[in-house]
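**Q** Those protein sequence lines, which keep their order, are chains E, S, W and B.
The first sequence begins at 1 in this note's numbering and counts up one residue at a time.
The second sequence begins at 1 in this note's numbering and counts up one residue at a time.
The third sequence begins at 1 in this note's numbering and counts up one residue at a time.
The fourth sequence begins at 1 in this note's numbering and counts up one residue at a time.
One or more of the hints may lead you astray.
For chains that are exact copies, the list does not tell them apart, and a pair is met inside one copy or across any two.
[As the list claims (entries may be wrong)] Restricting the straight-line Cα-Cα distance to at most 30 Å, the calculated cross-link-like pairs of lysine-lysine (BS3-like) are: (1) Lys309 <-> Lys350; (2) Lys193 <-> Lys335; (3) Lys335 <-> Lys219; (4) Lys28 <-> Lys309; (5) Lys390 <-> Lys268; (6) Lys355 <-> Lys335; (7) Lys219 <-> Lys132; (8) Lys309 <-> Lys138; (9) Lys41 <-> Lys370; (10) Lys190 <-> Lys105; (11) Lys386 <-> Lys335; (12) Lys190 <-> Lys335; (13) Lys355 <-> Lys132; (14) Lys132 <-> Lys28; (15) Lys28 <-> Lys355; (16) Lys132 <-> Lys380; (17) Lys190 <-> Lys88; (18) Lys88 <-> Lys42; (19) Lys132 <-> Lys190; (20) Lys42 <-> Lys380; (21) Lys268 <-> Lys380; (22) Lys193 <-> Lys105; (23) Lys386 <-> Lys268; (24) Lys268 <-> Lys219; (25) Lys309 <-> Lys89; (26) Lys193 <-> Lys350.
In case anyone wonders, no lab produced these hints; they're calculated from the structure.
None of the values given here were measured: they were computed from a predicted structure.
Next come the chains, spelled out residue by residue.
Protein chains: 4
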Amino acid sequence: MTRIAMLGSGFIGRFYAESIQGQRSRDKIVSIYSRREESAKKFAQDYNCEHWTTSMEASIAHPGVDIVCIALPNNLHEAAVMLCCKYKKAVITTKPLGRNATEAKRMLEAVEAAGIFNGYLEDLVYTPKFLKAYESVKNGALGRILWAKSRETHPGPHSDWFWDIEQAGGGCILDLGCHCVEIARSFIGKDIKPVEVMCWADTQVKPIDAEDHAIGLVKYENGAIGQFEVSWTFRGGLDLRDEVMGTEGTIWTNTFLRTGLEMFTTGKGADYVAEKAESNTGWLFPVGDELNELGYNHMFADMFNAMEKGLAPQETFYDGYVVNAILDAAYRSAKTRLWEPVQLDIWRGKTGISKDSHLTAYDEDHWLVKEEMTHYGARKLILKHKQTGKISERVQDK
Amino acid sequence: MTRIAMLGSGFIGRFYAESIQGQRSRDKIVSIYSRREESAKKFAQDYNCEHWTTSMEASIAHPGVDIVCIALPNNLHEAAVMLCCKYKKAVITTKPLGRNATEAKRMLEAVEAAGIFNGYLEDLVYTPKFLKAYESVKNGALGRILWAKSRETHPGPHSDWFWDIEQAGGGCILDLGCHCVEIARSFIGKDIKPVEVMCWADTQVKPIDAEDHAIGLVKYENGAIGQFEVSWTFRGGLDLRDEVMGTEGTIWTNTFLRTGLEMFTTGKGADYVAEKAESNTGWLFPVGDELNELGYNHMFADMFNAMEKGLAPQETFYDGYVVNAILDAAYRSAKTRLWEPVQLDIWRGKTGISKDSHLTAYDEDHWLVKEEMTHYGARKLILKHKQTGKISERVQDK
Amino acid sequence: MTRIAMLGSGFIGRFYAESIQGQRSRDKIVSIYSRREESAKKFAQDYNCEHWTTSMEASIAHPGVDIVCIALPNNLHEAAVMLCCKYKKAVITTKPLGRNATEAKRMLEAVEAAGIFNGYLEDLVYTPKFLKAYESVKNGALGRILWAKSRETHPGPHSDWFWDIEQAGGGCILDLGCHCVEIARSFIGKDIKPVEVMCWADTQVKPIDAEDHAIGLVKYENGAIGQFEVSWTFRGGLDLRDEVMGTEGTIWTNTFLRTGLEMFTTGKGADYVAEKAESNTGWLFPVGDELNELGYNHMFADMFNAMEKGLAPQETFYDGYVVNAILDAAYRSAKTRLWEPVQLDIWRGKTGISKDSHLTAYDEDHWLVKEEMTHYGARKLILKHKQTGKISERVQDK
Amino acid sequence: MTRIAMLGSGFIGRFYAESIQGQRSRDKIVSIYSRREESAKKFAQDYNCEHWTTSMEASIAHPGVDIVCIALPNNLHEAAVMLCCKYKKAVITTKPLGRNATEAKRMLEAVEAAGIFNGYLEDLVYTPKFLKAYESVKNGALGRILWAKSRETHPGPHSDWFWDIEQAGGGCILDLGCHCVEIARSFIGKDIKPVEVMCWADTQVKPIDAEDHAIGLVKYENGAIGQFEVSWTFRGGLDLRDEVMGTEGTIWTNTFLRTGLEMFTTGKGADYVAEKAESNTGWLFPVGDELNELGYNHMFADMFNAMEKGLAPQETFYDGYVVNAILDAAYRSAKTRLWEPVQLDIWRGKTGISKDSHLTAYDEDHWLVKEEMTHYGARKLILKHKQTGKISERVQDK
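In isolation and in its complexed conformation, chain E is listed as follows:
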């Protein structure tokens, strides 16, 4: 049994609580901190917490607490982490780790100096689909990974603080891009160094200071490309899709809007309350089990299992720091309009990786460009001469 202090009683805090205390879990939220007394009480009541408080420090310091789960606005992560260090409490933090890599680095160095367990709550690399896809990629089913794209777009976040650049630290790049960047980085290899970023960002629709739409490319040292597409202006629900291209295969995942459950309703049925504001009649595509599909269950299991075994979880503050560093480069690129280097003062992966060779020899004199079966069943080869570079075609009968 793990005893948790939850910091924050908002949308994400409640989502976490549903997962942590769901089904037959042996884990328990023992303390809840919220800035507002009313919210803290309500949460304590709903999730049966023995302790509630409006003092963050009181919650962290509470003797019954094994681990602190930070579910606060981005600008409050650092202060909370520092308190965890002070009280030597294990800590897990919602995404993004910091508002930027400077904050993230301070948090990383602090938890490591304090020697406390630290986990980065990047749920979207814990979704069942990601985990299955990732396993296939690791097994070599896709060959060498060339490109990994992750897309998260929706009509904008629920809580007000996301829309305030001071509290949030940015717009959809920080809010959604942190997911996408870690997904692509995982497929490409977390030990491969991200080297530079090109990003377009704009505020196309919303009356806000931050960006509401952005697209970025992240170049890795081995020549692979990560791509993120993020927006708060998408219409139609929550679009959450990944694509991976490898030399031997392809993966497409759709985690939310097309998962095999389709419903049409005229809306005339009495008492039917729609779960999304975008549409409550016509064709709807609800997700069966949101907590599981979004990765929360597998994420908390990994966190608490790792803590019990004295191991590092799949995602640590170090990963959160790398993600922040990549997003910082994206923000710089959106302004300078240049490919911006990823500044990684701390890098624990490989270095000096060069691009893999991509040449397949056909015979002594030729590289193989392509081999295909024609409509009439013959084998067709396209070859390139190694010396002259001349392209030629050969057709072999069956």
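With the hints as your guide, set chains S, W and B onto chain E.
**A** Quick look at chains S, W and B alone, frame taken from chain E:
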């Protein structure tokens, strides 16, 4: 914490164990019974069970056991249930409950006489998609339910005993139809009486005595129709789909073969072992989290939560009995080629329900047949005169 | 160039005209007959026809006409066909051929006696998807066909006469089942005799005399099963799907509601007129090119090409007659609740076909039940002893 | 009737011929030119052409020819166009128009000086799905267009000349990007000026001098963003998908790999010849009617109808020139790693368009950031103060 005795260490027993002891569960399998010592030992080791035995009774009687989970071939369910009654142990049984309604009725009467907790492990009415769809149906999003179809087909079961009609009690009707029948019955209403069944069944491909393909219609007292399509001869994987039609809406679920994860692989990647024999290259459609998608997690949570609270779970032996009675009628119908009545000595739902009226009045003289918007934006009505029965058309400009 | 007389200026007549004179067609509708002068004139103007009339005979007899296309309510087909025979004009008729097999047989015998070209406009066996699927089936990609299901459901037809059982001859079985029956029959083999039908039908929603929902099974002489699912009560659009199971493969087609074009709209865009009354906001699934997707283009090409070459088209009055005979059996079955024989006075296919053997020998003593790859990479065989019938399992290491 | 000279008898020439002379077409290829006599003869025989030749000029000059269709490698377009100008023959050219904008501009100026009909054969803005989607966009169903992405990737072209940078003029950017750029440009508005391009390109897999994978962003004067994703290294077939985001809606199209026809085959069926080398067993996703789905039918209909009516077709050499100018900027950007301006000496659309305002006033003092329905049915507003910029939240009960 619930302490379980698992009877059976085969494919399904292991699946159950993965779910029961998965992630952060507080439940524990304390005893494992298998006919073969080697299997019992192996299971005990894999799932860290303190007690293993080749005596079914020893496992059930084991003092540390709160509840017995029967994961045995169909012909062994009854004996196991009777032993649970003897030792007053709570019991949950894999599907189908009996090989027929006679067996099922004896088991139902025995557990009720013994006053023990009983649950029917019909996982497919616990899948996240089913639960979400079911909630919408209960909320009225589909209006009155007219038809519910469930389809389960695949290339045949893994274990040998399924193919032996004596042990299994039947073919794909019993093995797969039990799922489909309970899904449709749930959508239509578990308090609505199933009255008669028409079923076609044949052995089209396999060298077996039982049927390998069947289609059945189940008529309910309120005029709604349940449909099952089951086969052990399907090629392409596990096809698990439901469809529901209501007066105000439609639901389609795809639980296994098209759930939003698509992978193409040439198969050249080293070390890649395919998880299904049907195909290991080309386009594959793996499921992210099989245990959750197939309903095991939600099913065991309901079972153990209900037991702890002293309540009945969503599915009890009574439901298993009703399903067996419907399947018995299907088997009779397949032989007699007639609509066969469902023989329910025990019926606890409504009776005497007549078909709902389906008439919508348009005005004093007319019933409304249809209202639609034409291509050019006008409103078109098709009406039927209440007295004369004459059909007429009215077009109203925007 | 083919010169056509179109009989009927309603919804289907206009659909046909769009196809016949579409794009770069060399064919021309030269005469239009409609009961109402206003409609005839309007059609003539819209499709640039040189001749319009309110006399059916005048249109058929018109000297410039090569072929007559009947797009009239079901009760008027026979009279129109007889006039074509009188004037020795080639004739093609919309589906169903007759209101029943008696009418259909008279029409078939009449056109054959008159020696005129005759085509049955069953568009759904001319859809691009059907044609491609059919080619694969013929090439053996699915092995022996075991089952072919076709489903057509929607919220009810546009024109008033469909709802009048006298004019229409029936409800959704006749209107939609004619498509489904011919699709399944084509996949199974048009030379295989349909022998008996079991059908459930009901009027669940609409205030009409005919059925608005039905499900039927058609047994073929070789043991294959055709299935139709038809309804005028479906909510969500036009659902048009086929499924085929063979010993070596599977086909699924979705011809209308999920074809790869998905649109979400809030409906706030000015001037947007929805094409379907079911829904004009939210997620919509329009078809790109309805005429082509529904088979009209390929159907008329086959008809006119066949006529020019002096050949029979893919679908003739004979096929229409067989379909009517199957549907007659379905109507009888819905009343008698029995499997009803298909009464075919005229049958030009094979007879005396027995069910194919389905036994695969594994070795001298055993039949092979199943072969599969286990999770751990071994080959597992399930066998049945030829003499004893005993089922056994063998696992072979890699 | 249109009488066509086809220049080129390869893969694309044959595809064009199937469409031009397909079904009930009144058009006719009267002359075929091929560099190789054997190919010209074979083509003439297959498509029943009265004239064949190995002299390009002879084919163009042939007196029976109304219009010349150029289906030659990219490096031969210009010479062919110049001959059409010389003989004042109407001309339509396969994509891309030129190998670069310099060539394209010379061709554009030449045909306009010669006063001849000119069409640009960009089939993918003529696909049924594109046309339907485009109509919705024009009708305002998506509101203001923010972003339009087009993706075309496959395992590489069939013919050898594509792989030779001298003949082709480039790699997948030129070959596939020309489609994607025109699709996005059409959705955003062909009168909106493309201003700059950022492009990443690499040769990741193939032993060639040109790029085999590229991603580009095209910024338009009104702030909208076009995106292309192109590759010759994709595994799994031909991936052809578009996505459009507008302020009021979303469009997703899948033109080839997921169109509603799904087939599984073990491959054991005799005589089955697969149509694609990527895979001929397992799950396959054939397209029903390739010619129609890829836009050829609608494209040629538009071309010949426009010519007959003396109008410009939807796509002219001018469009081809704009596309080449955008692609030139993409190639420059891939080298300089900068956003490169699109150099358009000739521009016939709007100029000086500024970014649309995106502010929605909620009341005198506030902009509306977001409105949504909460889980518990209340209306929640997120507002921004016009003066202070402060973000606030308001919840209104039902």
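**Q** Against this structure, judge whether each hint is valid.
**A** Here is how each hint holds up against the structure:
| no. | hint | result |
| --- | --- | --- |
| 1 | Lys309 <-> Lys350 | within (27 Å within a copy, 54 Å between copies) |
| 2 | Lys193 <-> Lys335 | both (23 Å within a copy, 22 Å between copies) |
| 3 | Lys335 <-> Lys219 | both (18 Å within a copy, 15 Å between copies) |
| 4 | Lys28 <-> Lys309 | both (18 Å within a copy, 19 Å between copies) |
| 5 | Lys390 <-> Lys268 | between (68 Å within a copy, 28 Å between copies) |
| 6 | Lys355 <-> Lys335 | both (29 Å within a copy, 18 Å between copies) |
| 7 | Lys219 <-> Lys132 | within (25 Å within a copy, 37 Å between copies) |
| 8 | Lys309 <-> Lys138 | within (24 Å within a copy, 44 Å between copies) |
| 9 | Lys41 <-> Lys370 | between (66 Å within a copy, 28 Å between copies) |
| 10 | Lys190 <-> Lys105 | within (18 Å within a copy, 47 Å between copies) |
| 11 | Lys386 <-> Lys335 | between (44 Å within a copy, 25 Å between copies) |
| 12 | Lys190 <-> Lys335 | both (27 Å within a copy, 28 Å between copies) |
| 13 | Lys355 <-> Lys132 | within (27 Å within a copy, 43 Å between copies) |
| 14 | Lys132 <-> Lys28 | both (28 Å within a copy, 26 Å between copies) |
| 15 | Lys28 <-> Lys355 | neither (48 Å within a copy, 50 Å between copies) |
| 16 | Lys132 <-> Lys380 | between (35 Å within a copy, 25 Å between copies) |
| 17 | Lys190 <-> Lys88 | within (28 Å within a copy, 54 Å between copies) |
| 18 | Lys88 <-> Lys42 | within (28 Å within a copy, 41 Å between copies) |
| 19 | Lys132 <-> Lys190 | within (17 Å within a copy, 36 Å between copies) |
| 20 | Lys42 <-> Lys380 | between (70 Å within a copy, 20 Å between copies) |
| 21 | Lys268 <-> Lys380 | between (59 Å within a copy, 20 Å between copies) |
| 22 | Lys193 <-> Lys105 | within (17 Å within a copy, 43 Å between copies) |
| 23 | Lys386 <-> Lys268 | between (70 Å within a copy, 25 Å between copies) |
| 24 | Lys268 <-> Lys219 | between (51 Å within a copy, 26 Å between copies) |
| 25 | Lys309 <-> Lys89 | within (16 Å within a copy, 35 Å between copies) |
| 26 | Lys193 <-> Lys350 | within (7 Å within a copy, 44 Å between copies) |
Against the hints set out earlier in the document, a violation occurs for number 15 only.
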